[in-house]
Amino acid sequence: MVGYALWRFVLLRDVVAFRRMWWLFLSGFVEPVFYLFSIGIGLGALVQTVTTDQGMVVSYAAFVAPAMLAASAMNGAIADTTYNFFFKLRFAKTYDTMLATPARPWDIAVGEILWSLIRGGTYSAIFFLVALVMGFVESWWAVLAIPAALLIGAAFAAMGMWATTYMTSWKDFEFINLVIQPMFLFSATFFPLSVYPEALQWLVRLMPLYHGVEIQRGLLLGDVHWGLLVSAAYLAGLAGLGLWGASRRISQLLLT
Amino acid sequence: MTDTVLLTARDLTKRFGDFTAVDGIDVEVHKGESFGFLGPNGAGKSSTMRMIGGVSPVTSGELSIFGLDPATHGPQIRARLGNCPQKDLLDEELSVQENLWVYGRFFGLSRKEVRERATELLEFAQLSERRGDKVEPLSGGMKRRLVIARSLINNPELLLLDEPTTGLDPQARHVLWDRLFRLKRQGVTLIITTHYMDEAEQLCDRLVVMDKGRIAAEGSPRDLIVRYSTREVVEVRFDTDDHSAHADSLGGIGERMEVLPDRILLYADDGDAAGSAVHSRELAPLSVLVRRSTLEDVFLHLTGRTLVD
Ligand SMILES: Nc1ncnc2c1ncn2[C@@H]1O[C@H](COP(=O)(O)OP(=O)(O)OP(=O)(O)O)[C@@H](O)[C@H]1O
Ligand SMILES: [Mg+2]
Numbered sequence: 026m027v028g029y030a031l032w033r034f035v036l037l038r039d040v041v042a043f044r045r046m047w048w049l050f051l052s053g054f055v056e057p058v059f060y061l062f063s064i065g066i067g068l069g070a071l072v073q074t075v076t077t078d079q080g081m082v083v084s085y086a087a088f089v090a091p092a093m094l095a096a097s098a099m100n101g102a103i104a105d106t107t108y109n110f111f112f113k114l115r116f117a118k119t120y121d122t123m124l125a126t127p128a129r130p131w132d133i134a135v136g137e138i139l140w141s142l143i144r145g146g147t148y149s150a151i152f153f154l155v156a157l158v159m160g161f162v163e164s165w166w167a168v169l170a171i172p173a174a175l176l177i178g179a180a181f182a183a184m185g186m187w188a189t190t191y192m193t194s195w196k197d198f199e200f201i202n203l204v205i206q207p208m209f210l211f212s213a214t215f216f217p218l219s220v221y222p223e224a225l226q227w228l229v230r231l232m233p234l235y236h237g238v239e240i241q242r243g244l245l246l247g248d249v250h251w252g253l254l255v256s257a258a259y260l261a262g263l264a265g266l267g268l269w270g271a272s273r274r275i276s277q278l279l280l281t
Numbered sequence: 053m054t055d056t057v058l059l060t061a062r063d064l065t066k067r068f069g070d071f072t073a074v075d076g077i078d079v080e081v082h083k084g085e086s087f088g089f090l091g092p093n094g095a096g097k098s099s100t101m102r103m104i105g106g107v108s109p110v111t112s113g114e115l116s117i118f119g120l121d122p123a124t125h126g127p128q129i130r131a132r133l134g135n136c137p138q139k140d141l142l143d144e145e146l147s148v149q150e151n152l153w154v155y156g157r158f159f160g161l162s163r164k165e166v167r168e169r170a171t172e173l174l175e176f177a178q179l180s181e182r183r184g185d186k187v188e189p190l191s192g193g194m195k196r197r198l199v200i201a202r203s204l205i206n207n208p209e210l211l212l213l214d215e216p217t218t219g220l221d222p223q224a225r226h227v228l229w230d231r232l233f234r235l236k237r238q239g240v241t242l243i244i245t246t247h248y249m250d251e252a253e254q255l256c257d258r259l260v261v262m263d264k265g266r267i268a269a270e271g272s273p274r275d276l277i278v279r280y281s282t283r284e285v286v287e288v289r290f291d292t293d294d295h296s297a298h299a300d301s302l303g304g305i306g307e308r309m310e311v312l313p314d315r316i317l318l319y320a321d322d323g324d325a326a327g328s329a330v331h332s333r334e335l336a337p338l339s340v341l342v343r344r345s346t347l348e349d350v351f352l353h354l355t356g357r358t359l360v361d
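These protein sequences, in sequence, are chains A and B.
FYI, the numbering for the first sequence is 26 to 281, going by my numbering.
FYI, the numbering for the second sequence is 53 to 361, going by my numbering.
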């Protein structure tokens, strides 16, 4: 059969290219680790305990650690499918060449999202080990933390990729920062949702990262409830939507 | 050679917004043939090639390659094509041989197969010594050869070459022509675009002259010369900035005259006789050159313009 799962070779291309730049791996996970140390531990010395939205009382660092795990999954995913994807799409023309083979736009979107998940997943795994060693993992549910990080990564990778197809210059990436920065700060990362007024709480509930944080916090603190399935479904829905949109746009942009 | 039709285009049209790049062309290419699109910049050659290559949707009209419609069977068609686009798009994050390996995998070749094929093709492209190098520092001609080698990785039945020799030095060009002849003998069908008349004459069994999205003429290189030119041409140059002033003084020599900014062309079946006639008028030209007529003359006659390289 012609063209069976050709996304495998999009992924292969990235692996081959990346062998020369393995040190780039380092950069992606240090940021959340820094946050964990500076805010989690520094601020934790002042705040000591927090009551989660589920009513659990935990140390501040243990409260922040799952959120940083979710954020590391997000950062890892969007690093590849925004900046790197944009470069390959608009400048290196990597995909024009691939589309002359039996590959389809869908293969490109799937391959690149999977690659971003390999990178992002690695960051999450390293971060998870740091959190484990430091004693912030309180439950066996945490074995699901890495799969959950991949789900978070998939949602951000796919949506980030879709958004990137609309960008025409590097300046446009400001829009991504404009979305990511507030999301990082407000998604119940550093404070429980209950500190916000009702109206704002609803806004926060729309943020994909909020759902990622909820899932990781539930898993790491062992505070698992049915609401987490809704969060997971929300993220899976975004992943599917982004993948659909990105494939369509790649086709519009390159098959002219 | 069996006479199977490999490609059919009927009233094939490509529009970009309001602009019509390909304006209802009819083309038929047979198996084993080497077919050319000849035309100046902007004629619509690449736009046509991209539709044939299944990377550009047809605006209207019909297109069928291997009996398949690219709109519905794009991957099946592309699997059997070799595609050498006009621009050398190589993956600069990969080495020379990795460019071939990765590309080949998309055609369903195994790891082992792509490695064997790549070794052969690097030999073919005279790039074996550079196989582990980065792509970026290669010369323009080397990059071109690598793109051509890449387009052959899947042993294509139909090879699309969009200006294959642009950027190659004369020697590399002749080597490439030789390689293309060999492929043709192996039964590969070639579709080539070019601005170079000598290339079209060398490589194409049959060609169409394209201008402004339309086909101006079709035939074998010989046919076209016979139909639209004379056997020989006399090129006369004067020491002047305005050759049109000399046009009258050459009246009546040969069958037809073209006045260009830098020379006057006299079309005649007997070039030597026409040349003698020019000398006998004692006009003191700078030079009088008799040559065989080429596709350049055909193009000039059909469009009133020269093809610029
Ligand atoms: N993607 C596009 N969007 C808009 N216009 C385009 C696009 N591609 C080609 N054109 C226009 O279509 C016309 C034909 O272009 P095309 O590239 O097919 O010509 P060509 O015969 O290959 O020329 P050249 O010899 O310079 O390569 C040109 O006027 C070009 O500007
Ligand atoms: Mg062209």
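These aren't lab readings, by the way, just hints derived from the structure by calculation.
Treat the hints with caution; some may be incorrect.
Below are the BS3-like pairs computed for lysine-lysine, each with C-alpha atoms no more than 25 Å apart in a straight line [claimed, not checked]: (1) 186(B) - 139(B); (2) 139(B) - 118(A); (3) 118(A) - 83(B); (4) 264(B) - 139(B); (5) 195(B) - 83(B); (6) 118(A) - 195(B); (7) 118(A) - 196(A); (8) 139(B) - 236(B); (9) 195(B) - 139(B).
Predicted model only: the values in this text are computed from it and were never measured.
(Q) Run the distance test for residue 139(B) versus residue 236(B): straight-line Cα separation, threshold 25 Å. (A) 23 Å, holds
Q. Is it true that the CA of residue 118(A) sits at most 25 Å from the CA of residue 195(B)?
A. 15 Å, holds
Q) Within 25 Å, alpha carbon to alpha carbon, are residue 264(B) and residue 139(B)? A) 21 Å, holds
Q: Verify the proposed pairing of residue 195(B) with residue 83(B), using a straight-line Cα cut of 25 Å.
A: Violated: residue 195(B) and residue 83(B) sit about 29 Å apart, past 25 Å.
(Q) Need the status of pair residue 139(B), residue 118(A): alpha-carbon distance at most 25 Å? (A) 10 Å, holds
Q | Restraint status (C-alpha distance of residue 186(B) to residue 139(B) at most 25 Å) | A | 18 Å, holds
Q | Pair hint outcome, residue 118(A) versus residue 196(A) [Cα-Cα no greater than 25 Å] | A | 19 Å, holds
Q. For the pair supplied as a hint, residue 195(B) and residue 139(B), is the alpha-carbon distance within the 25 Å limit?
A. 10 Å, holds
Q. Under the criterion that the straight-line Cα-Cα distance not exceed 25 Å, is the pair residue 118(A), residue 83(B) satisfied?
A. The given pair, whose Cα atoms are some 32 Å apart, is violated under the 25 Å limit.
Of the hints listed earlier, those the structure fails to meet are numbers 3 and 5, in rising order.
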